[in-house]
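A.B. asks: The primary structure of each chain is shown beneath.
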Amino acid sequence: MTTGSDEGSTKRPPPITASRGRHAPDADQAPSRLTPKGEALSVLLPDVLTKYEVEIGADIDEVVCHAPASHIDAIAGILKSDERTSFKYLRLLCVVDYEEQEAAFDVVYHLYSLEHQHKMVLKGRVPASDPKLPTVTTVWRGADWYEREMHDLFGVEFLGHPDLRTLILPDGFEGYPGRKSYPLHDYDEF
Amino acid sequence: MTESGITTNVIDKGRGMADMLINMGPQHPATHGVFRMELALDSEMIVDVTPHIGYLHRGSEKLFENEIYSQIITLFDRLDYISNFNNELGLVMAVEKLMDLEVPDRAEYIRVILCELNRIASHLVFIGTFALDMGALTPSLYNFRDREKILALFEATSGARMMHNFFRVGGIKQDVIADFPARVTTLLGELEAGIDEADKMLSLGEVFVERTRGIGVIDGDVALDWGLSGATLRASGVPYDVRIEEPYSVYDRFDFGVPVGSAGDCWDRYYLRVLEARESIKIIRQALQQMEPGPVQAKVRAIARPPKGEVYVHAENPRGDFGVYLVSEGAESPYRLKVRPPSFCNLMALRDLLIGHYIADSVVILGSLDIVLGEVDR
Amino acid sequence: MNEFNWTYIAVVVVGIFGLFAFLSTVVISLTWYERKTLARIQMRAGPSRVGPHGLLQPMADVFKLITKEDIRPTNSSGMLFWSAPIIVFVSAFLVWLTVPFADGAVVAPQELGLLYIVAISTVGIVGLLIAGYTSSSKYSVLGGIRAAAQLVSYEIPIIVVVLAIAVLVQSLDLRDVVLGNEVTIGERVISFGGQGAIPFAFIMPLGLIVFILAGLAELGRTPFDIHHAESEVVGGPFLEYSGAHWAVFFLAEYINTFVIAALTILLFFGGWSWPSPPESIFGTALEEWQTDALGVGWFLFKTYMVVGLFFWFRGTYPRLRIDQLMAFGWKSLIPLSFVNFILMSIVIFYDWPLWTMTTFSVPILIGGLYFGARRTARKADPSTVQMYRRASRDDGGNKLVPDGTGD
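Residue numbers (my numbering), protein chains in the order written: chain A, 1 to 190; chain B, 191 to 568; chain C, 569 to 975.
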């Protein structure tokens, strides 16, 4: 079940919004094939997240929820604690770099609920010039190292993270090697 | 405050003062590679832990973005270098799902057989090294002997003992050798005996039980919160196995059990793997029966070019839930390919597990998480 | 004694050098023996390249160790650092001065031999502690402290078992322990049997088990090898040593192994005395030197058997943790050794026949084993692990549900 992107983009207030951006479906896009469970979840999600302007879409077989990045921790908290969703399992947290095309990073959360066997993708978009968003370590502790890694590689700052030191890069490393803009064949010695 | 931040936590909930900081790894025999942890000790008791990873960071995920898919398979081999087939499966499934590709049945069965054999091999390594961490030398050699038989079969099948590069988008590289079913059947008999041997040698031994029972206990809810997976999560009593919850490949055609523990300690984590290895043997037997001759490769372009879109595919690796998040822009290489490394998530909970235990337990607990640094650091 | 006894001095000096040569040979043979035994247990070939069956491998190892660079960590304290292996080695070596290989085949016979052995062997702890403390490595410090705690604790059961033996033969001389002793009290001559008739292992099996276990801990061999556990403290006190100094530690270690095995044989298995006199076995009268040679051979054979048992343990068991090790020492071995000692004293005091001691010991041993096994069985119960299966289609399909039968 895919919502129209035009309708969605007119609703949201400009800076910190859920943005589908370049992922509007086009002819080249893989077709959506949501399972009945996924359909039910995409209907349910707006009810759960009434307080926030989120945009529910679908990508192949995943329910995708675009949420304003500044409230991502609160939204994540609701998704975890609400009985109807209870996404207690954070499968993956990662950053996708759209700096060149849209000057933004997508922070992607893959969630799973063991009770309902729901799965969904939560996405927040942060501007590349000032990539900041609240941490979700308060919701899932398992976000800890993911956020540190993403901070290392993409320079995305997770506000309120208890311990945002470098994780996998050497101490004092300059630059963000995960970004598309990082030169690939320019070696440095440590 | 030191750079590691340890001194801030020295007085930790009345657990006592740290009177020694000890640096375990990256060159320590029991850290399974190049893992490092700073232990703050109160004599022999661990007061605080700071894990350090990244010594094996190759920037794999950045590399993926600049290679075509068939090249990425070779990189996936090197993530979790103990269970290579399972990694390859994760990648090719992601691409196939994005392309909406139908894989021939025979290829799926061969994939399952190889993956399950790889799971047994991985668990054998785990049991061996776990015992080695506790000072028992012999089980590791017995188990490596059995693993070597599996690797010999892999070599006959794919040409390489470990870095196979055998799975392809839409199938596998080539059909298996003619006597593959016969060799697998013989091998399974030997493996059964080998697993029983390891079980007899360790599981109920007095010293082994003393060292593992009640050590590194993690509660089911907390384990879920940390995002643990695989046997580490199931040992805490959470029944979650990707092969059942979201069946991939042809796993929905087999009847097999998933052992679930209750104590959430090192002994449970160990024993589940013994039982899992036995269940894998059952799966392989069924797969051999159901397998029929046929093509092993779907019709795909030589250079796969999946359409625009995003998929998240995951598979039950020996170490846990191995996820592949693939963002494609319709090009020959992915726009973004992020791996969910199960070892990485399991390792996150280390601090919780270690505090309050002895130094000697730290190696046992670390061993029971069964990490592979190639995957943790990527 | 007014005149200085030069002959005695000469005999002792020659004896010491002879003993040193002998012990070096023994250690070299032990390294080969250990590697081969472990290899057989682990289904490997073991050393096989240097010489027939790898027999010259230990010589190659010695050559390599001696020619290796001897490194001292910058922050270690020189003299103490170098002296630690010497202390450990000397204490291990001195013990052998009073250990008889056969009747009269001993460098310096002493009436208080057992006391001497127990006292001297304790000195080695100081060496380990110094080695750990002066290496300027935290792992070494941990290892040194572990060694001190462990060795001091396990001295006690050994001493108490030795005391029980002393009560049994009313002597501290190892020759008396093997051959028997006669004590004159007033006009009465009481003879205490040697082990020619019946080895003490059958009189106090409890003492034997305690002695072997405590001895293993004293040596720091598996399952009690916590002070140089490779996977935890990476070699402990020996971590920073290399080359010849490490070789000296190694030498001391194996000499100690051999002494515990030899003491087990001397105290419990009749030392050099054959099960029946060699004459009756060979059917001819033997010269004295022949009897002695046979005795030494028999003694060494039995000792190697015990050492082989130690190697077997090493190939079988994981190691204990420090608190479990201390608990085992203080809560199990020390009480058991005292029980053994008190029972022995009662039996000797009331002049009961010696088989009463056996009948006391065996139930205690069996009871101990039973309670240990039951404790383990209670702790690790495979039936607590439940098998889950895919739910049937009616129950929602892809969900894990407990298997009815369990596993």
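Incorrect hints may have been included.
[As the list claims (entries may be wrong)] Straight-line Cα separation of at most 25 Å, SDA-like style, residue types lysine to any residue; simulated pairs: (1) C:Lys-706 / B:Glu-228; (2) A:Lys-51 / A:Gln-101; (3) C:Lys-706 / B:Gln-217; (4) C:Lys-706 / B:Ser-393; (5) C:Lys-899 / B:Glu-228; (6) C:Lys-967 / A:Leu-114.
FYI, nobody ran anything at the bench for these hints, they're computed from the structure.
A.B. asks: Hint by hint, note whether the structure agrees.
C.D. replies: Each hint, compared with the structure:
no.	hint	in the structure
1	C:Lys-706 / B:Glu-228	holds, 12 Å
2	A:Lys-51 / A:Gln-101	violated, 30 Å
3	C:Lys-706 / B:Gln-217	holds, 15 Å
4	C:Lys-706 / B:Ser-393	violated, 33 Å
5	C:Lys-899 / B:Glu-228	violated, 33 Å
6	C:Lys-967 / A:Leu-114	holds, 9 Å
In summary, the structure is inconsistent with hints 2, 4, 5 from the numbered list given earlier, while agreeing with the others.
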